[in-house]
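So the sequence lines, in the order shown, correspond to chains A and B.
Quick note: the first sequence uses the numbering used here, first residue 5, plus one each step.
Quick note: the second sequence uses the numbering used here, first residue 45, plus one each step.
No lab work stands behind these hints: they were computed from the structure.
Ideal Cβ positions, reconstructed from N, Cα and C, are used throughout, including at glycine.
Hints may contain errors.
[What the hints assert, rightly or not] Residues on chain A that point at chain B, a partial pick, calculated with CB under 8 Å:
#1 H12
#2 A21
#3 F24
#4 V25
#5 V26
#6 S28
#7 N30
#8 T32
#9 Y33
#10 L35
#11 Q37
#12 T76
#13 T81
#14 M90
#15 A93
Residues per chain are reported as follows:
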Amino acid sequence: MGVDRLIHEPARLSIMANLFVVESANATYLLQQTGLTWGNLGSHLTRLETAGYVAIEKGYRGRKPHTMVALTDEGRTAFRRYRAAMQEALGGLTD
Amino acid sequence: MTVMTHLPDLRALERQAFSKFYEDGLFDILLGLMMVAIAFGAVIQDWLASELASFAVMLAAAVVLVSSFTILRVRLLRPRLGDFKPRPERRRRITATRLVLLGSMVLGVVAFGIGGVAGGTGTPPATVEVLLPVVWFVNATVVLGLMAYLLDVPRFYLYGVLFGLVGPLLIWPDVLWGVRVPPPLAFGILAAPILAIGVWKLVHFVRTYPVRVNPEPEADLGDR
Numbered sequence: 005m006g007v008d009r010l011i012h013e014p015a016r017l018s019i020m021a022n023l024f025v026v027e028s029a030n031a032t033y034l035l036q037q038t039g040l041t042w043g044n045l046g047s048h049l050t051r052l053e054t055a056g057y058v059a060i061e062k063g064y065r066g067r068k069p070h071t072m073v074a075l076t077d078e079g080r081t082a083f084r085r086y087r088a089a090m091q092e093a094l095g096g097l098t099d
Numbered sequence: 045m046t047v048m049t050h051l052p053d054l055r056a057l058e059r060q061a062f063s064k065f066y067e068d069g070l071f072d073i074l075l076g077l078m079m080v081a082i083a084f085g086a087v088i089q090d091w092l093a094s095e096l097a098s099f100a101v102m103l104a105a106a107v108v109l110v111s112s113f114t115i116l117r118v119r120l121l122r123p124r125l126g127d128f129k130p131r132p133e134r135r136r137r138i139t140a141t142r143l144v145l146l147g148s149m150v151l152g153v154v155a156f157g158i159g160g161v162a163g164g165t166g167t168p169p170a171t172v173e174v175l176l177p178v179v180w181f182v183n184a185t186v187v188l189g190l191m192a193y194l195l196d197v198p199r200f201y202l203y204g205v206l207f208g209l210v211g212p213l214l215i216w217p218d219v220l221w222g223v224r225v226p227p228p229l230a231f232g233i234l235a236a237p238i239l240a241i242g243v244w245k246l247v248h249f250v251r252t253y254p255v256r257v258n259p260e261p262e263a264d265l266g267d268r
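Chain A on its own, in the form it takes in the complex (with noise of 0.2 Å):
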C-alpha cells in the first residue's frame, strides 16, 4: 500500500491530524495547535483544498470575517488509508 506523500509531509499530517480530531477548526485553532506560521498554514491548506482534502468555508461573525476549515470526506478518507499504510510499514519494523 502506498504512503500518500501529500499528507506525510510533516506540517500538513500535523494539519491532518488536527482537523481529523475535531469537525471543524478557524485558523488560529490550527495555528495553535500545529505551531505553523500565517503564511506556512494558508499555503499548506491551499494544497490540501486543492486536491480536495479540506474544505475552507468562509463567513461572517458578526462584521469579522470567520473562515471554518473542516477535512472533507474524502480527507477523512484519505487520512485514514494514511494511517492505516504507515501502521502497516512501521509494524513490521523491529528494534
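We have chain A already, so just place chain B on it with the hints.
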C-alpha cells in the same frame, strides 16, 4: 514548530486540544467566587433572618458570575486558542456535563426547600444536621467528579472534594463539639486554593498563549 514526524495518537490529541480550553483558570475562579457568594448568602441570611433574601442574593450572584464568565471566556480564549466545533462524541460529553450541572442545581434548590420546610415544621435538627453535609459532599464530589471525567480536566476531582467539605465543616463541628465555624471562614478556607489555582492558571495562560495577530485577513486563507 510542533509539526508531526510520527503517527499521532488521535485520542490524546483530541483530549489535549479540548482540555487546553480549560487551562485559562476562569472556571476555577468562577467556582471559587460562587463559594464566596454562597458564604455571603449565609451571612445575609443571618443578618436579615430571611432565607428568601439569602436565596435571591445567591441567585443574583450566580447570574452575574456566570454571565461575566461566559463573556470573559469568549474574549480571552478566541483570540488566543481559536475556535473549533467538536466531533459528535465530545459534543455528547459536553451535553452530559450541562445536564449534570442542571440536575445538581435542581437538587440544590430542592434540598434548600426541604431544609426550609424541615426547619419550619420542627423536624429534629439532628437528622438534618447529620444528613445535609453528607448530601452536600456527595452532590459536590459526584458533580465535579463527573465534570472532571467528561471534560478531561483532572483538577476538578480535587475541587469536588474541596467544595464537598464545606458542608461537613460548617455543620459537624457544631454538632460534635459545639464549635460554630462561620460560613465565610468555612467557604473561604476551601475556596482559597481553588481561587489561587485559578489566578495562577490565568496568569500562566495569558503569558503562554499570546493573542494571535493575523498579518493578513483570515478570509484570505486558501486564496493563494
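Going down the list of hints, with the structure as the test:
{"no.": "1", "hint": "H12", "result": "violated (10 Å)"}
{"no.": "2", "hint": "A21", "result": "holds (4 Å)"}
{"no.": "3", "hint": "F24", "result": "holds (6 Å)"}
{"no.": "4", "hint": "V25", "result": "holds (4 Å)"}
{"no.": "5", "hint": "V26", "result": "holds (5 Å)"}
{"no.": "6", "hint": "S28", "result": "holds (5 Å)"}
{"no.": "7", "hint": "N30", "result": "holds (5 Å)"}
{"no.": "8", "hint": "T32", "result": "holds (3 Å)"}
{"no.": "9", "hint": "Y33", "result": "holds (3 Å)"}
{"no.": "10", "hint": "L35", "result": "holds (6 Å)"}
{"no.": "11", "hint": "Q37", "result": "holds (6 Å)"}
{"no.": "12", "hint": "T76", "result": "violated (13 Å)"}
{"no.": "13", "hint": "T81", "result": "violated (15 Å)"}
{"no.": "14", "hint": "M90", "result": "holds (5 Å)"}
{"no.": "15", "hint": "A93", "result": "violated (10 Å)"}
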